[in-house]
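Take each chain as given, in its own frame, and dock them per the hints.
Chains as they are written, first to last, in the working numbering: chain A, 1 to 247; chain B, 1 to 220.
Rather than coming from a laboratory, the hints here were simulated on the basis of the structure.
Being a predicted model, the structure only gives us computed values, none of them experimental.
Careful, some of the hints might be misleading.
To be verified - With a straight-line cut-off of 25 Å between C-alpha atoms, the simulated PhoX-like cross-links for lysine-lysine are:
#1 A/Lys72 to B/Lys116
#2 A/Lys69 to A/Lys216
#3 A/Lys69 to A/Lys126
#4 A/Lys132 to B/Lys143
#5 A/Lys180 to A/Lys18
#6 B/Lys13 to B/Lys2
#7 B/Lys52 to A/Lys72
#8 B/Lys213 to A/Lys132
#9 A/Lys73 to B/Lys49
#10 B/Lys20 to B/Lys205
#11 A/Lys132 to B/Lys212
#12 A/Lys69 to B/Lys49
#13 B/Lys116 to A/Lys73
#14 A/Lys73 to A/Lys26
#15 A/Lys81 to A/Lys113
#16 A/Lys81 to A/Lys26
#17 A/Lys81 to B/Lys116
#18 B/Lys116 to A/Lys69
#19 A/Lys132 to A/Lys115
#20 B/Lys20 to A/Lys10
#21 A/Lys81 to A/Lys5
#22 A/Lys72 to B/Lys49
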Amino acid sequence: MIEVKGIRKKFGDLEVLKGLDLTVNKGDVIAILGPSGSGKTTLLRCMNFLERADEGTMYFDSDVVDMHKADKKTIHNIRNKTAFVFQSFNLFTNKTALENVTIGLTVARKMDKHKAEEIGKKLLDKVGLSDKYNSYPSQLSGGQQQRVGIARALAADPEIIYFDEPTSALDPELIGEVLKVIKELADDGMTMLVVTHEMNFAKNVSNRVIFMEEGKIISSSGTKEFFEEQKNERVRNFIKNILKKGE
Amino acid sequence: MKILSLIADSFFKILIPGIKVTIPLTVISFSLAMVIGTITALVQFADIKYLKQLARFYIWVIRGTPLLIQLFVVFYGLPSIGVVMNPFPAAILVFSINEGAYSAETIRGALESVPKGQIEAGYCCGLNFLQIMWHIVLPQAFKVAFPSLANALIAMVKDTSLAANITVMEMFMVTQQIVARTYQALVLYLELAFIYLMFSTVLTKLQTYCEKKLSAKGAR
Ligand SMILES: Nc1ncnc2c1ncn2[C@@H]1O[C@H](COP(=O)(O)OP(=O)(O)O)[C@@H](O)[C@H]1O
Ligand SMILES: [Mg+2]
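Isolated chain B, as found in the complex (with noise of 0.2 Å):
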């Protein structure tokens, strides 16, 4: 009885984080690595000079080097040369950054996989590159990128348990709290698994239904 009725009490504490930080945290870092990615992968399909390059240099070390890390260097390491953020903002830095090295290269692929001829017709038909790349690249290539992204976005849900460890006040780090003042670790951890795995179920509804919007929509 206690034990339901600890899950009871803390389900709602731990679920709150979740809406009010948890997703937010997701939704922002997200948004802001599309941006990112699409751009660092534009530069590098245009084939610009010195920006291609650092574009390959950011993802290289960013892939190479643990997400962990790069919260804890951010965080903990930047403000010995003064530059001292709040743990949302840093989070938000860090995870925004770190995914978009990482969907760069899928939206890259996705680019390169729709047919050379279209970008030629485009030119022919008198549009300049960005708008080629607006009106008939980049449609196309989010349709091939889409699941790859969306599995991304879902992964990314999870990862921001990793921001407790710069005090950011999401799911897990509240949930440690509980479990230091209650000491029921494994009931406790397990209902903030299955918190998440709701947030992960959902997600994967969704991709589901939109891919087959997309599908539907002019199929390819």
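Bound conformation, chain A alone (with noise of 0.2 Å):
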């Protein structure tokens, strides 16, 4: 479905990331770990194109795209396929959840109020905020923020959401509801690409994990295989270690 090829991203001259390739297949559920400063965020935001990569090639559906050259018209028809969940979950905080779900149906595609209404309630539903649609950011926990910002993002019906560790900046007890959701959104088949810290996670809810390391993907396998049969052992220390602290 998304296949990129070579994406190579430089801020000043740090090279953060070093010649990627990476394929994601419908409904798969792709983990991306490794340490902080690796790249990860940075891949999501090229594929995004919240950051304009140096090189790279998009293959999206059955468009080509050279990702350092993509114009506005191209990278428009390619948000409008993908949704984007933030570690900071960045709500707008003049508006309602139910208003923070709609507003891309409403403004960007024109959609007819009552009817955008209609959908926002609906998955504002989903992710268990029946009971929110006219609350403020600022009045909700993070982990009610970070759901209305999931609802938000399956509000144009995507093909595929990127999460940058959707889980990262809450509170302990806040998250498992929001893992919580998101393994619904893969029991019901939605393609994710997912940054996490959360091993577990990883474990029992991707199909797929990816370790990257200083711009690099240093391994990629199937779940089961990737912690169970993991050859790279600075990657097996990685997981020791990140799971030592869980405990």
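In structure tokens, the structure reads:
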């Protein structure tokens, strides 16, 4: 469904992505692991053109896109098929939960307001926020805000959702409610790319795991194989350390 | 007794040009200034080449020169190159351009106070730059800028007295004329000051009320 080849990205002299290839098939839930600073966020941002890659080719459905040169229209088309869930939620603070979900429909797609609200309410119901339609982000807990973020991502009926550490900004007791929602999406067959440090989530929900280090993918395999037959020692240590921290 | 009846007689003579000239002059100039200021701020915020430089130049010149001299340049200076304006439109032009430069800086600061992540989220939702500005950034920025802009409005009410210098028949001008006839400078100018104080007080109350309303709606 989506394939990227040879993504490179530099910030000044710092080479953050050093020629990555990645293939995502429909229905894939890919967990992206790796130490902080390895370029995970930058990879997702480049794939959604929040950051402009220096080099790289993207094959999205039948389109072939030069990731460095893509024009506004191409980017807009790709964004229409994708959605992004941010580590820090990035909800629109002047909009209610429902408006956060519907704004892409009413403003960007000029959908009728009532129809959009119907969709928005359904999505908020889906993420367990039936009683929060009219709450402003400041009136919601972190877990609730992130669930609004997920509902907002779903609104445009995307082909793929990128999650950048969706639970890292949350208090431990709120992580579960968000992971549960993401798991339900996986069960529905949603295609997702999830940067996470939650090993159990990666183990139980993803079907493939990618490990990044210093701007490269150094391990990539099916989830079971990744955790049970991991050949790379550094990756094994990384997983062990995180699991230890979690205890 | 004579003084009291002078005050009573002159009160409406001063107040009426206040209502007929000072208030329209302020309202029109300030509204235009908001449009100019918002556009000037957006041009810089969006980092549009050339226009951004132009905006910086405009702000630099206007903020670096006295308002009174700007009034003189437009009203007494421009006619020598064939641009003749009536006093009232000339005053509106100068006040709106002047305040536009100051509010541009206020608004730009407020725009920058809105978290960048919300702008990125807006793009991810399929919105374009102007839609993001209009629906997300400007409403939040307005809230941040509101107290400063309200203060600027109050300051402008008082600054309109400078328009007397280019023969606009506003309150100060009218008061000066009454003083010239009656020689009661102290009483009349105090009376004028009092009327300005009334205007400012109403606006200050209004400001407090609006700030309460704004902070009640979707607290940040
Ligand atoms: N906008 C930026 N400007 C400069 N350096 C950046 C920027 N964004 C990220 N970096 C740097 O790129 C590297 C990778 O960052 P990131 O993709 O956020 O890693 P990760 O998400 O894996 O922690 C880090 O060293 C970071 O400091
Ligand atoms: Mg990151």
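Evaluated hints:
Simply put, A/Lys72 and B/Lys116 have alpha-carbon atoms about 19 Å apart, close enough for the 25 Å limit, and the pair holds. A threshold of 25 Å between alpha carbons decides the hint, and for A/Lys69 with A/Lys216 the separation of about 22 Å falls inside it, so the pair holds. Restraint check for A/Lys69 and A/Lys126: the C-alpha separation of about 38 Å exceeds 25 Å, so the hint is violated. This hinted pair checks out: A/Lys132 and B/Lys143 have alpha carbons roughly 24 Å apart, not beyond 25 Å.
Under the criterion of a C-alpha separation no larger than 25 Å, the hint pairing A/Lys180 with A/Lys18 is inconsistent with the structure, at around 34 Å. Simply put, B/Lys13 and B/Lys2 have alpha-carbon atoms about 17 Å apart, close enough for the 25 Å limit, and the pair holds. In summary, the hint linking B/Lys52 to A/Lys72 is supported, as the alpha carbons are separated by about 21 Å, within the 25 Å threshold. Simply put, B/Lys213 and A/Lys132 have alpha-carbon atoms about 22 Å apart, close enough for the 25 Å limit, and the pair holds.
Our distance criterion of 25 Å between C-alpha atoms is met by A/Lys73 and B/Lys49, whose separation comes to about 21 Å. For a cut-off of 25 Å, the pair hint linking B/Lys20 to B/Lys205 stands: about 22 Å separates their Cα positions. As the CA atoms of A/Lys132 and B/Lys212 are separated by approximately 24 Å, the hinted pair is consistent with the 25 Å bound. At roughly 20 Å between alpha-carbon atoms, A/Lys69 and B/Lys49 fall within 25 Å of each other, so this suggested pair holds.
A threshold of 25 Å between alpha carbons decides the hint, and for B/Lys116 with A/Lys73 the separation of about 22 Å falls inside it, so the pair holds. With a C-alpha separation of about 24 Å, the suggested pairing of A/Lys73 with A/Lys26 holds against the 25 Å cut-off. Distance hint between A/Lys81 and A/Lys113 is fulfilled; the C-alpha atoms sit about 21 Å from each other, no more than 25 Å. Distance hint between A/Lys81 and A/Lys26 is fulfilled; the C-alpha atoms sit about 13 Å from each other, no more than 25 Å.
Restraint check for A/Lys81 and B/Lys116: the C-alpha separation of about 22 Å stays at or below 25 Å, so the hint holds. Taking the CA atoms of B/Lys116 and A/Lys69, the gap is near 23 Å; set against the 25 Å cutoff, the hint holds. A distance of roughly 19 Å separates the Cα atoms of A/Lys132 and A/Lys115; the hinted pair therefore holds under the 25 Å criterion. For the hint linking B/Lys20 to A/Lys10, the alpha-carbon distance of about 62 Å lies beyond 25 Å, and the restraint is violated.
Restraint check: the Cα-Cα separation between A/Lys81 and A/Lys5 comes to about 19 Å, which is no more than 25 Å; the hinted pair holds. Between A/Lys72 and B/Lys49 the alpha-carbon distance is near 18 Å, which keeps this suggested pair within the 25 Å criterion.
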